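Participant: For reference, the chains in residue letters:
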Amino acid sequence: GAGVSQSPSNKVTEKGKDVELRCDPISGHTALYWYRQRLGQGLEFLIYFQGNSAPDKSGLPSDRFSAERTGESVSTLTIQRTQQEDSAVYLCASSQRRDGETQYFGPGTRLLVL
Amino acid sequence: AQSVTQLGSHVSVSEGALVLLRCNYSSSVPPYLFWYVQYPNQGLQLLLKYTSAATLVKGINGFEAEFKKSETSFHLTKPSAHMSDAAEYFCAVSDLQGAQKLVFGQGTRLTINP
Chain E
1487 GAGVSQSPSN KVTEKGKDVE LRCDPISGHT ALYWYRQRLG QGLEFLIYFQ GNSAPDKSGL
1547 PSDRFSAERT GESVSTLTIQ RTQQEDSAVY LCASSQRRDG ETQYFGPGTR LLVL
Chain A
2 AQSVTQLGSH VSVSEGALVL LRCNYSSSVP PYLFWYVQYP NQGLQLLLKY TSAATLVKGI
62 NGFEAEFKKS ETSFHLTKPS AHMSDAAEYF CAVSDLQGAQ KLVFGQGTRL TINP
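Residue numbers (my numbering), protein chains in the order written: chain E, 1487 to 1600; chain A, 2 to 115.
Bound-form chain E, shown alone:
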C-alpha cells in the first residue's frame, strides 16, 4: 500500500512569511508524528497526534509553530512568521498505536527560509 506522503517536497520562503506543510499518513494509522531535522543533526520531535485525544505539543519550539489533524487523516504543520533558523527538513511519521510499533516516515519537506 501507499506510504506516508508529504507536500510540498521543497519550499523556499522569505523571512516573515507563513508556511503550511502537509502530511498524509498511512491509511489506518492512528498515530501521527512531526519531527524536524536540521542540517547535520538528528531528528527533533515536534508534535504527536493520537486519534481524537489532545495532541502532545511538548516539542514545538515556539508559539509560531502549530499543527492540526483531521480525525485520523491528513495533518498540517503551520509555521508563522518564519525565521532563518526554521530552515530544516520536516518529517512526518505514522504508526499503529501499539507499544513499540514502528513509525513509518515520509520523504520530508525541505524548507529554506531566506
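Among the clues, some could well be false.
Said to hold, decoys possible - Quick look at which bits of chain E chain A covers, simulated, 3 or more residues with Cβ under 8 Å:
# : stretch
1 : 1527-1539
2 : 1586-1595
As the list claims (entries may be wrong) - Taking lysine to aspartate or glutamate and the EDC-like style, the derived pairs with C-alpha atoms no more than 20 Å apart in a straight line are:
# : chain 1 : residue 1 : chain 2 : residue 2
3 : E       : K1543     : A       : D96
4 : E       : K1543     : E       : E1506
5 : A       : K59       : E       : E1587
6 : E       : K1497     : E       : D1510
7 : E       : K1543     : E       : E1554
8 : A       : K70       : A       : D86
Said to hold, decoys possible - Over the 12 Å line for every Cβ pair with chain A, so calculated as not near, a few chain E residues:
#  : residue
9  : S1544
10 : G1545
11 : V1560
Quick caveat, the hints were computed from the structure, so don't treat them as lab data. Remember, predicted model here, so these are calculated numbers, not experimental data. Note that beta-carbon positions come from the ideal geometry of N, C-alpha and C, so glycine has one too.
Got chain E sorted already, so can you dock chain A onto it with the hints?
Facilitator: Structure of chain A alone, referenced to chain E:
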C-alpha cells in the same frame, strides 16, 4: 529524560569489511530501541528494532544489533559491508508510555571504500 549518543559522526570502512556503528542510550527503564537508515534525499527506513524480546535483533540488509542492558548499548553491525550500505544511520529510543516519540542520536554517516 531519555537520550541517545552515537559515537562517531563519520565512519569509513572498506567494501567487505565489518561495519560497527555505536549507540549508547540513557533511560531509567528498558526502552524500545531502533535503528533507522536514511539514504540521500529520502526519508528514514527502519533497519531493526528491540522491543524487550530477544536481545540480538536481526534486521534488513544483513544488519543486526545487540541490546546490552549492562552497557546501555545497542550497537549496529554487519559482517561484510556493501557499497549500497553507504548512508546515514540513526539510533533512536522510544518512550514506553504516552506519545512513544522517538529520541534520536545525531546520526553516523557511513562511507564504503571500494
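Participant: With reference to the structure, classify each hint as holding or not holding.
Facilitator: Going down the list of hints, with the structure as the test:
no.: 1; hint: 1527-1539; in the structure: holds (count 7)
no.: 2; hint: 1586-1595; in the structure: holds (count 9)
no.: 3; hint: K1543/E with D96/A; in the structure: 15 Å, holds
no.: 4; hint: K1543/E with E1506/E; in the structure: 17 Å, holds
no.: 5; hint: K59/A with E1587/E; in the structure: 16 Å, holds
no.: 6; hint: K1497/E with D1510/E; in the structure: 17 Å, holds
no.: 7; hint: K1543/E with E1554/E; in the structure: 11 Å, holds
no.: 8; hint: K70/A with D86/A; in the structure: 27 Å, violated
no.: 9; hint: S1544; in the structure: 8 Å, violated
no.: 10; hint: G1545; in the structure: 7 Å, violated
no.: 11; hint: V1560; in the structure: 17 Å, holds
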